[in-house]
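A.B. asks: Chain by chain, the residues:
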Amino acid sequence: MAEESLLLSPFVFPPTQLSYQLMNQVEVLLKSVNLRVVRFSGPLASKETAFIHLPEHNLFIYAGHAKKDRLCGENVFLCDLVTVADASIFQGQIVVANPACESARELGPKIVDAGAKAFLGSVENMYAHFNEAEHAYMDDWFAYTLVFYSSVFTKTMGEAVEDWKNEITHYMDLYKEHLDDWPNADWNYFAAKMNRDNFVVLGDPQAVVGRGIEPTTLRERGLLEQLSFLFSPETLRQQWKDAFRSLFSFGAVTATVAAVAVPVATAYAIEKGVLTKEQAEVAKAIIPGVVALAPIP
Amino acid sequence: MVLTLERLRMARLNIKVIDSYSKAPLPYVHIEVDGRVLTTGLDGVATFDLPAGASYIIKVRQAAYRPWTRTIQVPQERPYEQVVELEKAIY
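Just so you know, the protein sequences line up as chains B and H, in that order. Mind the numbering: the first sequence is residues 4 to 300 in the numbering used here, read in order. Mind the numbering: the second sequence is residues 16 to 106 in the numbering used here, read in order.
The hints are simulated quantities; they were obtained by calculation from the structure and are not laboratory data. Each statement offered as a hint is correct.
A short list of chain B residues far from chain H (calculated; beta carbon distances all over 10 Å): (1) Ser35; (2) Lys71; (3) Val87; (4) Asp89; (5) Thr157; (6) Thr159; (7) Asp166; (8) Lys179; (9) Gly276; (10) Lys280.
Some chain B residues near chain H, calculated using beta-carbon distances under 8 Å: (11) Pro17; (12) Pro18; (13) Ala103; (14) Asn128; (15) Trp190; (16) Ala194.
The C-beta atom is built at its ideal place from N, Cα and C for all residues, glycine as well.
Build out the structure end to end from the sequences listed, making use of the hints.
C.D. replies: Shown next, in the form of structure tokens:
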């Protein structure tokens, strides 16, 4: 597994447009600290994409619609990006479904039972927040979720979930203070509480992204990068050009040497009795490319 | 001493709640108008009889949907219909 994370974020069905924006920020955050993220969004966030790319990553992040036994992907009616039947493809990996509804009810336990290190998701509905006239609730949601994803890459999964809950509590306290003067503070308090109280880590709470396999992974990555460079089409094309140039140069030198040296050497060999005129004729017949240049004395 | 009694004019406010994506009516939605709370029926409609000519804060709340809060002026002498399109808020 050479890459840190595979991130899938559908964006067609409401409110996945918001989680798509949220994942844009998560991607920027992760790349800003030199973490590798492979991202597929919209129709590209498909089952095929997940299955093809998953083996190369040690963390799978999904943000979109989900049900208790599946992650939907772009098509919420088909809803078959990952189902309980696919649980074994996550062996040895960490799976994060945030935001995604109810995924920790049946899908999460199945994935962990099938060998995943950890599954982070909610046993209930997860809520988006929306910016309203009185307060930018969505900005708060982005902020507390970015704290979570930042911790996912730097701490244990258990600590990441704790950080997420502490950060949400901070915003819940803020909404509670403004129940009288922010008309939508009540709903946002409830939504934040749902996100906080029902989010769980299944499997190993001490699991970390990349720790333990990181040195090996880094060495493998270095080797793979070198190999992929050596065998890249551009490198091969350049090597072929160099080789052709070298062969051409070698041929020119050889022809020059043959044209000058072979007649001299042949004449010298005949004079010394090492080579007869007949042998020289035979040699001319066998290797015409070289000897033909040499006039037989 | 002259006492003038003016009849309080009432207006009917019909609030219809639908899903913004499917346009289907949403039943059992809680609607709060001026401290009174009603729930929509199977047709997604809740009806309030209110003193006409005043403005009211309407709060529409349903789990899984974005909250909807507006201040509206209820006109006199004719039923006033407000359609509320609720946007999904859950994943």
